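As given, the protein sequences belong to chains A and B, one line each in that order. Going letter by letter, the first sequence gives residues 1 to 323 in my numbering. Going letter by letter, the second sequence gives residues 1 to 426 in my numbering.
These are computed hints drawn from the structure, not numbers from a lab. On a predicted model such as this, the values are computed, not experimentally measured, just so you know. C-beta: ideal position from N, C-alpha, C; glycine also. Hints are supplied without guarantee of correctness; some may be wrong.
To be verified - Selected chain A positions facing chain B (Cβ under 8 angstroms, derived; list incomplete): (1) L96; (2) G140; (3) R180; (4) P204; (5) S206; (6) L210.
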Amino acid sequence: MSLQLAPDGRLKHLLTIDGLPRKLIEDLLDATDSLRSVALRGNKKLPLLRGRTIINLFFEASTRTRTTFELAAERLSADVVNLDVASSSTSKGESLLDTLATLEAMHCDMFVVRHPDSGAAHFIAEHVAPGVAVLNAGDGRHAHPTQALLDAYTIRRHKQRFEDLTIAVVGDVLHSRVARSELRAFGILGAGELRVIGPRTLLPPSIEELGVRVYTDMDAGVADADVIIMLRLQRERMRGVFLPSESEYFRRYGLTAERLALAKPDCIVMHPGPMNRGIEIASEVADGPQSVILEQVSNGLAVRMAVMSHILGAQVPQMEASA
Amino acid sequence: MSRVLIRGALVRFPHLSIDRVADVLFEPGRVLGLDPGPAQARGAEIIDGRGRWLIPGLVDLATRLREPGATHKGDIRSEATAALLNGITHVVLPPDTRPVVDSTAVVELILRRAREGRGATVHVIGALTCGLGEDSLAELGALRAAGCIAVGNIGRAIGNSNLLRRALQYAASLDLPVHLQALDPWIGAGGVAHEGRVAALQGLAGIPETTETLALTRDLMLVEETGVRAHFARLSCARSVAILADAKARGLKVTADVAMPNVYLNEHDVLPFRSAAHLMPPLRTVADRDALQAGLSSGVIDALCSDHQPHDADAKLKPFPSAEPGASGVDSFLGLGLKLVGERLLSVESWLERCALAPRRILGLPAPQLEPGAVPDFALLDAAADRTLDASTMVSRGKNTPFYGWRLPGRVDLATVADRLWVRES
Numbered sequence: 001m002s003l004q005l006a007p008d009g010r011l012k013h014l015l016t017i018d019g020l021p022r023k024l025i026e027d028l029l030d031a032t033d034s035l036r037s038v039a040l041r042g043n044k045k046l047p048l049l050r051g052r053t054i055i056n057l058f059f060e061a062s063t064r065t066r067t068t069f070e071l072a073a074e075r076l077s078a079d080v081v082n083l084d085v086a087s088s089s090t091s092k093g094e095s096l097l098d099t100l101a102t103l104e105a106m107h108c109d110m111f112v113v114r115h116p117d118s119g120a121a122h123f124i125a126e127h128v129a130p131g132v133a134v135l136n137a138g139d140g141r142h143a144h145p146t147q148a149l150l151d152a153y154t155i156r157r158h159k160q161r162f163e164d165l166t167i168a169v170v171g172d173v174l175h176s177r178v179a180r181s182e183l184r185a186f187g188i189l190g191a192g193e194l195r196v197i198g199p200r201t202l203l204p205p206s207i208e209e210l211g212v213r214v215y216t217d218m219d220a221g222v223a224d225a226d227v228i229i230m231l232r233l234q235r236e237r238m239r240g241v242f243l244p245s246e247s248e249y250f251r252r253y254g255l256t257a258e259r260l261a262l263a264k265p266d267c268i269v270m271h272p273g274p275m276n277r278g279i280e281i282a283s284e285v286a287d288g289p290q291s292v293i294l295e296q297v298s299n300g301l302a303v304r305m306a307v308m309s310h311i312l313g314a315q316v317p318q319m320e321a322s323a
Numbered sequence: 001m002s003r004v005l006i007r008g009a010l011v012r013f014p015h016l017s018i019d020r021v022a023d024v025l026f027e028p029g030r031v032l033g034l035d036p037g038p039a040q041a042r043g044a045e046i047i048d049g050r051g052r053w054l055i056p057g058l059v060d061l062a063t064r065l066r067e068p069g070a071t072h073k074g075d076i077r078s079e080a081t082a083a084l085l086n087g088i089t090h091v092v093l094p095p096d097t098r099p100v101v102d103s104t105a106v107v108e109l110i111l112r113r114a115r116e117g118r119g120a121t122v123h124v125i126g127a128l129t130c131g132l133g134e135d136s137l138a139e140l141g142a143l144r145a146a147g148c149i150a151v152g153n154i155g156r157a158i159g160n161s162n163l164l165r166r167a168l169q170y171a172a173s174l175d176l177p178v179h180l181q182a183l184d185p186w187i188g189a190g191g192v193a194h195e196g197r198v199a200a201l202q203g204l205a206g207i208p209e210t211t212e213t214l215a216l217t218r219d220l221m222l223v224e225e226t227g228v229r230a231h232f233a234r235l236s237c238a239r240s241v242a243i244l245a246d247a248k249a250r251g252l253k254v255t256a257d258v259a260m261p262n263v264y265l266n267e268h269d270v271l272p273f274r275s276a277a278h279l280m281p282p283l284r285t286v287a288d289r290d291a292l293q294a295g296l297s298s299g300v301i302d303a304l305c306s307d308h309q310p311h312d313a314d315a316k317l318k319p320f321p322s323a324e325p326g327a328s329g330v331d332s333f334l335g336l337g338l339k340l341v342g343e344r345l346l347s348v349e350s351w352l353e354r355c356a357l358a359p360r361r362i363l364g365l366p367a368p369q370l371e372p373g374a375v376p377d378f379a380l381l382d383a384a385a386d387r388t389l390d391a392s393t394m395v396s397r398g399k400n401t402p403f404y405g406w407r408l409p410g411r412v413d414l415a416t417v418a419d420r421l422w423v424r425e426s
């Protein structure tokens, strides 16, 4: 029995990409298409979630992700409450379940949760009151499903069939919830070839079993790629046991214009942000013509609107997809 | 209750070559004899043993009693009683209490509380080092004098190989047995699950098998060099079984145990983020589990233990990585053991060997006898009865078990050790 899928096939929660049917993902991407014009217009709200209350429950600091969730809810006319739990009750010793119970007493409809523990979103979904939805905005190293959906959506806008694509994910896959969710999503969407590129210290040992090809050599890994996704390298990984230094990492795995030239000429470059320029990606690539990094951010808004509408049962109207 | 006659039970004491229906007459503290005459049994309370097995009391090599230090999870009285009611007549408390068992005061406290209770006999493993830390040897001689049955590092890594070597030399000079849990302090530190497919998928910090195998290899070298009597606790992977088999084949006199959950479960059982299956050592691969089973049946692994770690509900009501590791074990130790027999992984004799007799040899305890004057140390059980393991059937204060809801064979109707006797009310 799936915790996140209702018997009718709709999402009760979105906790992970794992186990989602391809059709459901495609429906969400289609709804994203419809909502994208609204998201980009910015001055017009849709009344889809009027009267609903969404609580952003962030146990881990985040500005960008929380802002896009907040904006997405507001564009759908929901009431939004932001709670940085990292700095409030749990630091006073309150348990996660107590925090949840307190917030449920406010009769909210959805928790958007970010938490440093892998599996935290599952845990919360198991314990919330019936009828309250949980949307995982990143749990530990486990999953970040809306990021994967927005990346899939961004790829779909630029490329046609996933079956024809070679997609390379570069960097700290070991600690990355983004990578885990993306590899799942692209796999379900039928991607032709999935590659992960990085030093062995930053790749989970059994990663090959996920159906990906492993490259420890960046040049070989990006060769003829259609999509290159650079992962953020957390500062604390750069020195010490995972990597010798930032500069060595950039020399071996940084995406430079020379390396990008090894990929297909129309290869797009993505990054979930925030970027470390000069460490995982050269500025000339980040700001170059093949980069779709800023578009990812605006697509993130539309994807989150689509997911929120879907989970809370609002019918997304068919709209003219903007160019 | 003075004298008790268990009538018509199938007495299964493989070490005495007894496997037949018999009557057993005893009183608390003393066995009065096998198949007593009518005159001798006159006036005794009669317990119907027909259809039941009388077996040596089980011995659990790792039972956290949670006292001192965590009495909100359980205490000596509650957990030693829970053990006895499940047919376990001896429990061994590892030294990782709070404070750790590194002083005679802590040993004396535990043994006094245990004597006040009515449960299984409690044995204590003293800490090998002060605070189970990396700085200095604990007063091993004093710990033994205070009643410790062995010393060890259970649950804590000793990274300082020089300290460990000195500790083993010192223990050897006292002829004090050492229980070692092979753990590397750095590899896999902070991990919460076996470093493998499931951890990779779920984004759980991994504990590679080298955490164990590296330390096991080192520890075996030091054991060989120092000549200390050593027991290796809680092996979790196939490679460890192979390393141990090699050492034994070389003639090294070492023993080892495995925790019951690692014999049944594997890394997939943590899905989806089941905090009840957050264990230390972690559940590893199917191949590892199979090798542990094979090691048990071949005898490379000498003993099974419950690795009892009762928790309060809140300790597990957390996201997987934050939940405290460990499972409550005494309530399922007998049932899971019988299930191994039912699944033909072990014979009845080898089950009793792994769960009752080998642990006694490891601890230096005598095997239970049935001749007049012997100390009673046995359990009467209905092997055909079964029950569902849940909060209503568990006796331990800790209800945290990955086997929750399992249907398990076996029901203990009577257990006795020394002057303690428990009989199920019918």
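Against the structure, the hints:
{"no.": "1", "hint": "L96", "in the structure": "7 angstroms, holds"}
{"no.": "2", "hint": "G140", "in the structure": "6 angstroms, holds"}
{"no.": "3", "hint": "R180", "in the structure": "6 angstroms, holds"}
{"no.": "4", "hint": "P204", "in the structure": "4 angstroms, holds"}
{"no.": "5", "hint": "S206", "in the structure": "4 angstroms, holds"}
{"no.": "6", "hint": "L210", "in the structure": "7 angstroms, holds"}
In the structure shown, no violation is registered for any of the earlier numbered hints.
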